[in-house]
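There are 4 protein chains.
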Amino acid sequence: MIKVGIIGATGYAGAELARILQNHKYAEVISYGSRSYSGDKFSSIYRNFESLTNKECVDEDLLSLSKEVDVIFTATPGGFTSANLNKEILENAKVIDLSGDYRFKDASVYEKWYKTEHKNKELLKEAVYGLCEINREKIKGARLVANPGCYTTCSILTAYPLIKEGVIDGDSLIVDAMSGVSGAGRGAKIPNLFCEVNESAKPYGVADHRHTPEIEEQLSIAAGKDITINFTPHLIPINRGILVTEYANLKTKITMDEIKKIYDKYYGKEKFIRVLQENYPEIRFVKGSNFVDIAFKIDERTNRVILMGALDNLIKGAAGAAVQNMNILFDIDESHGLCMVPCFP
Amino acid sequence: MIKVGIIGATGYAGAELARILQNHKYAEVISYGSRSYSGDKFSSIYRNFESLTNKECVDEDLLSLSKEVDVIFTATPGGFTSANLNKEILENAKVIDLSGDYRFKDASVYEKWYKTEHKNKELLKEAVYGLCEINREKIKGARLVANPGCYTTCSILTAYPLIKEGVIDGDSLIVDAMSGVSGAGRGAKIPNLFCEVNESAKPYGVADHRHTPEIEEQLSIAAGKDITINFTPHLIPINRGILVTEYANLKTKITMDEIKKIYDKYYGKEKFIRVLQENYPEIRFVKGSNFVDIAFKIDERTNRVILMGALDNLIKGAAGAAVQNMNILFDIDESHGLCMVPCFP
Amino acid sequence: MIKVGIIGATGYAGAELARILQNHKYAEVISYGSRSYSGDKFSSIYRNFESLTNKECVDEDLLSLSKEVDVIFTATPGGFTSANLNKEILENAKVIDLSGDYRFKDASVYEKWYKTEHKNKELLKEAVYGLCEINREKIKGARLVANPGCYTTCSILTAYPLIKEGVIDGDSLIVDAMSGVSGAGRGAKIPNLFCEVNESAKPYGVADHRHTPEIEEQLSIAAGKDITINFTPHLIPINRGILVTEYANLKTKITMDEIKKIYDKYYGKEKFIRVLQENYPEIRFVKGSNFVDIAFKIDERTNRVILMGALDNLIKGAAGAAVQNMNILFDIDESHGLCMVPCFP
Amino acid sequence: MIKVGIIGATGYAGAELARILQNHKYAEVISYGSRSYSGDKFSSIYRNFESLTNKECVDEDLLSLSKEVDVIFTATPGGFTSANLNKEILENAKVIDLSGDYRFKDASVYEKWYKTEHKNKELLKEAVYGLCEINREKIKGARLVANPGCYTTCSILTAYPLIKEGVIDGDSLIVDAMSGVSGAGRGAKIPNLFCEVNESAKPYGVADHRHTPEIEEQLSIAAGKDITINFTPHLIPINRGILVTEYANLKTKITMDEIKKIYDKYYGKEKFIRVLQENYPEIRFVKGSNFVDIAFKIDERTNRVILMGALDNLIKGAAGAAVQNMNILFDIDESHGLCMVPCFP
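Chains as they are written, first to last, in my numbering: chain Y, 12 to 356; chain D, 12 to 356; chain C, 12 to 356; chain H, 12 to 356.
Do not rely on the hints blindly, as some may be mistaken.
Chain copies aren't distinguished; within one or between two, either way the pair holds.
As the list claims (entries may be wrong) - Simulated crosslink set (DSSO-like; lysine-lysine; CA at most 27 Å straight-line):
1. 264 - 236
2. 36 - 280
3. 280 - 308
4. 272 - 66
5. 236 - 136
Everything labelled a hint here was simulated from the structure, so no lab data went into it. Values in this document were obtained by computation on a predicted structure and should not be read as measured data.
Please construct the entire structure, taking both the sequences and the accompanying hints into account.
Here it is as structure tokens:
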């Protein structure tokens, strides 16, 4: 049994980790870390866990936690992991970091977009970017996995094969995305109140959202050259889900069938990526699951291809991907505990 | 492996059955029955099943289906099962009927409230009312299980122990309930369009809803005498979930602790019933699970007790209960395949 | 032109007052009072007012404000008005208080249910309960109007004629109510975040909600004797709207037509009360308006009548009623500025 | 008093016309046209109109209606107006057509995108494209006004000044848009059921939506040359509202201030267009009003400008614009009846 500690267990992503792991046969949550609710029963904060666990939340530091568990998930605000992680901890336990702290190879990119100093540049090199479908082999031996962002997972996976194969012009890429409100976290803020979000929609982080450089870095690696993109997130009134629509100029004449073959080349054997042919992705059909649904359409009038992707931001965009990473790290069937059928309606 | 046939697989309850059974180790859906979508892939109608099944919907009759499978779930409109079921079918396969056709012992009650003739009164006697927590022993040997209604499951389980123990006056019982829109089915009707339901709420079936006599019959059995109640359902803009608030006059002076003990007597060992002490039920904490959450409050000013219950109408109120019944019928662990943690947020 | 000051203009009820008064021909908001946002443009807090007003929020005390305006609306948390109002202020300006501070004749009732001392019992006598359809004449000469609560307006108006005429047993009255989230105010609290409210519903304040004694006091006056009731509010995921379902024992044999005549006797000439005959109230058909929709149904099986009412909690349940009171106080057509057609869809 | 006839009064746009005109001082709805509900009271179909009108729906043809009224609004499905309109009707009454039938100068464009023959090409020349802020002068003398589409109004107004001034490259324009469900009409279709739309979002009409050529035609006129764009609509779970995010390559180096000046040049005096400087448009702040909110952001990294616009699809995107056109046609203050403050929350 893999012993699991969660730091930030009372945020939405942390609680989703607990939820997924509750039915994981080979892992068990030993420690529900929470600064705000230390001493409270976890099931009194997330009452869906009533009768399922009696454990109390604890405010434990990474080092002492690392001595009790096999793997630590840090579902914490930006800056926490880099300020607290060190090599000793990594010798004790694997760390899967759900924050943005270890997603960039170059600290200056982090510092520019996150507008704060990176406190532990040394570990950046060691960290592996945990996008399972692309970095599976690298993840296997890792001690520190940087779990990808929600928008980025969706944005990258949707475009990756076409960028990798040089079908589209990377610099022409525009990613227009929308997300449910759980992506904004559980902080008590007026803009996230029901009445402020319901019956509305809004763009935010226009031209300066932190997920932009993360998408760029991974797609640049795929392209073999630097790529600069536009990324615009929008908030829409749903609990869960991300939908991206991407636009790119085609570099060559290509058919729908040929594009499908390229997707199949990369994703044909991927259990959690479904490339649709007759439909477009819809959030309702991935919600509650670890799937990413992807589709594409060529517009011959403008010589662009429109790519679409959808996932559940708390699962494939956070906790599900983190468990998938854990499964890889511990050599368990990668899909174990993650085969939930999307919950529609 | 239990071979399963679903009649009405493309309604919300039928599809939820398919969803739950997809991860059931000992059962497999052999036949997705649908009159409307016969010949279409099930995964083209419920696209959450993309990549999970390739089966096509079939318009099969009960008899021929009964020869291929071990159990048939009928998730069909009122009147279908009674018009089509017969003893030969029951000799071939178990039948779990999710409609209201076999829930009453007395056909005249059915005919009064459903305003239609009952076409197969003979089988009414044989049918067992499939409320697992109350009728578990009777269900074990049954061939025909009448799966309870969604409102009724919630209404009955919430009041049952206090009625059974004579703590409250059955005739004073008032059940005020609200339900999500999936309870109205997947029919293309204007009143169920998004814009008609969203940002609204409404009572319906006031004093004449079909679930009224079903609640009355079961609670009358518990009370050992006939009980007449008021039941008022309301539609609220959520996908899933039922919340009931019940009011009853206390027959004797009683404390909160004493009431808790009564609930414990009946539900203390029930895996899917959680009697709350410090909180009231909320739909978000049962959604996506087979749980019923129950709470109560004595109002000394009026000498009434207020009972509250919540469940997911598609799971504990329909498909989950049906699978629970199947597990009992086939002597599998009753909770198998039903231990989903409620999906919050 | 009536000069208006709003204290608490940046709460939902205060902002709704500003919204309604924006198109009122005979009144103008001179002062947008807000402690939290003092110095900010009102239109930067409520950006629906962009280009409509340039005024800044001010943190002004009641006394100085009373010297500048003709009427003050206090849309403030409980306790504010009673702690700050005095006779000098009332000599300068009319006060319409949207809080609960002046709704009770007996301070001890307030203190019991609000669990705080009432700081200005002297003015309780002078205050007029501002339920226009019932107290119109008393409001006319008032200096201090206690604007009714949202739940209470709906609950009282729905039952009033039948209580007044002695048709129903007041002590048997049970009021089951549901409200949109704007009723909870604009405070940054976790339970009111989108993801906590959406796809859920919950009871709260069971047997101890503050609106209970307010309903009881007004219905007791109507009945000519003390009445004790049950009142249970529920939160549902909509922005605006209240729906009540009330149950009461009939004291005499009566027909639907006779009940209709009683409603007509009291409400036949009321512009903002619509007694429905063929339908039940739905929030979508009153949202955005000053209407209350009411319907009723006799259940002969239980000898109860079920009453239903719906209104927009921010309009007829707060700001609309307050403007209606203002119109009465200043001898303007009572419906002026309040004839918005309900905004469906 | 202007006598108004509405054809298609029981669709969402038609009913919104009735709602707006209810409080219009100089116009009165004489005829509520509806084929489906002929003979029913309008207030029985749209129960928000209870007590506000007693008129019945009629199934009247355009010609006979034109003899009774001064202006006809056709809020009808595509193809109806072109099949039924003729010069005689236009001699009797003004016609404001809310369908797409008369929005194109070139019938072949209509026929290509609407995939149906245009039945009355003759009148295409006479029709004036009723985008008030751009075509105000041409509308004045018109007999037949083609009311713009909802997406198109938002898309065009957001980009118009920058296209007109040659600041952006028209062919680089990408319009990514989302709409509330009322835009899909009131037809009883499964994809528009509450449970299908709620908690989801989806793209549709990718690269072939009918509003594409309408945006292109108007922006091509502004640019003085043919422009080809990408337009992708998405459905999101709200009742009302459209939000567009547009991307275009800047043709020259330009500052935020300079762009603001360009917007001011075209919209500085427009009552219903609000160009924001410190915020981005959000649907909640335009909902229930005739406003369009617009904002922009330069991304120097990609040399693109991101434009954002929001409006209420039923008001500025349909019925409000139609009334604005009517006001212009009849020489009434253009904003009469349209000064509703956006209804937030």
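27 Å Cα threshold - placement of residue 280 relative to residue 36: Both, since 24 Å and 23 Å are each at most 27 Å.
Using 27 Å as the alpha carbon limit, work out where residue 236 and residue 136 are close: within a copy, between copies, both or neither. Classified as within: same-chain Cα gap 20 Å, cross-chain 52 Å, threshold 27 Å.
When Cα atoms must be at most 27 Å apart, do residue 264 and residue 236 count as within-copy, between-copy, both, or neither? Both ways: residue 264 and residue 236 sit 22 Å apart in one copy and 26 Å across, limit 27 Å.
First find the shortest C-alpha distance between residue 280 and residue 308 inside one copy, then the shortest across copies, and answer within, between, both or neither for a cut-off of 27 Å. The answer is within: 22 Å in one copy meets 27 Å, while 41 Å across copies does not.
Is it within, between, both or neither when you check residue 272 against residue 66 at 27 Å Cα-Cα? between (49 Å within a copy, 24 Å between copies)
Of the numbered hints listed earlier, not one is contradicted by the structure.
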